[in-house]
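Going by this note's numbering, the first residue of the sequence shown is number 1, and it counts up by one from there.
Be aware that one or more of the hints could be misleading.
Listed next, the in silico EDC-like pairs over lysine to aspartate or glutamate satisfying Cα-Cα at most 16 Å (straight line) [what the hints assert, rightly or not]: (1) K41 <-> D63; (2) K8 <-> D39; (3) K41 <-> D2; (4) K41 <-> D4; (5) K41 <-> E22; (6) K41 <-> E75.
Rather than coming from a laboratory, the hints here were simulated on the basis of the structure.
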Amino acid sequence: SDLDFASKAAISEIAARVAVSEPTVTRFCRNLGCEGLRDFKFYLAQAIAIGGQYLSPEPLSRDAREQRIASAITEAAIAAIQR
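When you get a sec, could you build the whole thing from the sequences and use the hints?
Have a look at this one:
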């Protein structure tokens, strides 16, 4: 899934997949309150572990996948702000 990819991929793979530069990925993570990609992946993995039980096994439309990714990112950002 996209969430699994984001939590395990190297910065170069993430940047290539979303067609941005590696520094843009780092800035994105920092804008969410993380120190960098490693910190972001930690919070993303937590969000996946906690929220995974609520994910549907059926294939999702692109819009639904994007919404779930946005939700996971939001949860990671909230966790970063709360620490």
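Which numbered hints turn out to be false for this structure? The structure breaks only hint 1.
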